[in-house]
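Chain B: place on chain A using the hints.
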Amino acid sequence: MANILSNVMSKSPWIVHVNCNSCNGCDIELLACLTPIYDAERLGVLNVGTPKQADIMVVTGSVNHKNINMLKNIYEQMPSPKAVVAIGACASTGGVFHNCYNVIGGVDEVVPVDVYVPGCCPRPEAILDGIMQAADILEKKRLDNKG
Amino acid sequence: MIYILKILLVMILSPVAGCLLKGLDRKITARLQHREGPPILQPFYDFLKLISKENIAVSKYQNIFVLIYFMFAAASLLMMFFQMDLLMIICVFTISNVALITAGMSTGSPYSKVGSEREIISMLCYEPVLVFFIVEMYMLTGSFRISSIDHLDKPLIFYMPLAFLSMLYIMLIKFKKSPFDLSSSHHAHQELVKGIMTEFSGPALAVIELTHWYEAIFLLGLMFIFAKQYTLLGLAIAAFTYIFAIIIDNISARLTWQWMLKFTWTVVIELTIVNLLGIYFLNLKAL
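Residue numbers (my numbering), protein chains in the order written: chain A, 13 to 159; chain B, 202 to 488.
By construction, these hints were calculated from the structure, which means they are not laboratory data.
So the derived list for chain A, only partly shown, Cβ under 8 Å to chain B, looks like this: (1) Val20; (2) Ser24; (3) Pro48; (4) Asp51; (5) Glu53; (6) Gly56; (7) Gly61; (8) Thr62; (9) Lys64; (10) Gln65; (11) Ser92; (12) Arg154.
Only pairs whose alpha carbons sit at most 30 Å apart, straight line, appear in this in silico DSS-like list of lysine-lysine: (13) A:Lys84 <-> B:Lys314; (14) A:Lys84 <-> A:Lys153; (15) A:Lys153 <-> B:Lys223; (16) A:Lys23 <-> B:Lys223; (17) A:Lys84 <-> A:Lys23; (18) B:Lys314 <-> A:Lys78; (19) A:Lys23 <-> B:Lys228.
Example chain A residues on the side facing chain B (calculated, C-beta under 7 Å, incomplete): (20) Met21; (21) Lys23; (22) Arg54; (23) Pro91.
These numbers were taken from a predicted model, which means no experiment stands behind them. No residue lacks a Cβ here, since even glycine has one placed at the ideal position from N, Cα and C.
The following block holds chain A by itself, in its conformation from the complex (with noise of 0.2 Å):
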């Protein structure tokens, strides 16, 4: 009884899945993590279409000008405990294109974030232990709030 209420949030995390000027090849890798051969969803993992009733933003792409107030917009609909994982190049640090006019860098410019998973693009596996190592994090932070 005791280790089901002390695993709360990592056994179910809920993704919000975000897309900054990226290339769509992270958010394919992406959207293949939940496809039977990787099956997300047998770790609890739920790609909601709503940043209310999620717990991990999931951002590929970098941020320019644009899509600046869009991702902290949506960041802040986010309910508390969140955390925010970084997809690829573009999203950790501006990737290739971080010497562009348009570009600001990645994602750490706007939101704070708890995870970067690092490639171009990374591999599906990659990317479910990225999240999974969210959800443990987002576990630490709910037990900081409540102590």
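Coordinates of chain B only, in the frame set by chain A:
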């Protein structure tokens, strides 16, 4: 004293059974799609997680409607276990659904509004079949009470086979499964941004999940009435209904509300009316 014990037993064991049924649903769906699937207790883990989240509400009144949805659904389940008046039970159950629709409308988000409107259209489809089912039961037994079925010589499904088929059909609408999961997409999780449930988060969503568990047991109880005298046959009918809903959910895509409305009002309700006329003209009285 025995009543209080029975009430507590129903209120505590039904959500447990409903939670396991939902878990079984997700597991069977996963296996049909050739993948592992979550553990059977996964809805319980989801419920615990949702309770420990922050409550973000868009309007002042949306959570009150969610509470009304929960209380009336639990009340209608209790009334069914105490074998009270079936017409009254359906009225109480309808209040709970209307509370959910109003909750969706009260948030002001366009996605919730469209989800609520689709839920109203679904109600338009299944309410007549439910009412005809109760009327036929009245014509056969002379009373609306569920306890009066015990006096029948044969189970109800014998006298109402077409009504049974219609009820089987509308169970798909009531369980919110494909092909009729119009108001809050069951599998895609993302049509209309979760439809009627878009603006609910944290504890409010946990209460909605809990009510879904109570509702699942209530709907299977409605199918159990078809063979109430023989408990095993009743349980078999209820199990068959649930497995039927899961399998049809997995092999069909979502249909439009126009199709659902047209098909229900031209085919399914006609089936129930034929059954009603059959009982009337053959002057069947099963007392």
